[in-house]
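Asks: Sequence:
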Amino acid sequence: MKKLLLAAAAASGALLLAPTALAHAEWPAEDDGLYGWNAYSDRTGSFVSVFDARAWLGGGSSAQLALVSPYGVSHPIECRGDGHYVRMHACQQLDNDGNWHELDSYPIGPWTLYAYR
1 MKKLLLAAAA ASGALLLAPT ALAHAEWPAE DDGLYGWNAY SDRTGSFVSV
51 FDARAWLGGG SSAQLALVSP YGVSHPIECR GDGHYVRMHA CQQLDNDGNW
101 HELDSYPIGP WTLYAYR
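Position 28 of the sequence shown, counting from 1, maps to 28 under full-length UniProt numbering, and the rest follow consecutively.
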């Protein structure tokens, strides 16, 4: 009986302290998803010029993403999605003035072409 009361007291104490611990945790932004799988992250290395053969080899699954942009891949590119649990989408590229510009995506068979807007 003592063990049961001790276990109940420990569980009650844990429940009382849990809200305090959770109050200090930093949650990702609402649209980033619970685990941040939908957050923007640097994806520059996933892109190559539309003229680069690596964009078209592998039937789309192992190919790098084709990009048409005045900056090529020399400027950072960020996309939402981790590419595993959440498909990469909503990509954007930084210009010379520090402004982000959307990259439109166009499916072409098994590939996807991204174009600077």
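Worth double-checking, as some hints may not be accurate.
[Unchecked claim] Label-pair ranges, simulated between beta-carbon atoms: (1) P70 x Y35: 30 to 36 Å; (2) N99 x G45: 29 to 35 Å; (3) L57 x W100: 25 to 31 Å; (4) P76 x F51: 19 to 25 Å.
Because the hints were derived from the structure by calculation, they are not lab data.
Since this is a predicted model, take the numbers as computed values, not measurements.
No residue lacks a Cβ here, since even glycine has one placed at the ideal position from N, Cα and C.
Asks: Against the structure, test the hints numbered earlier, and report the numbers of the ones violated in rising order.
Replies: As far as the earlier hints go, only 2 is violated by this structure.
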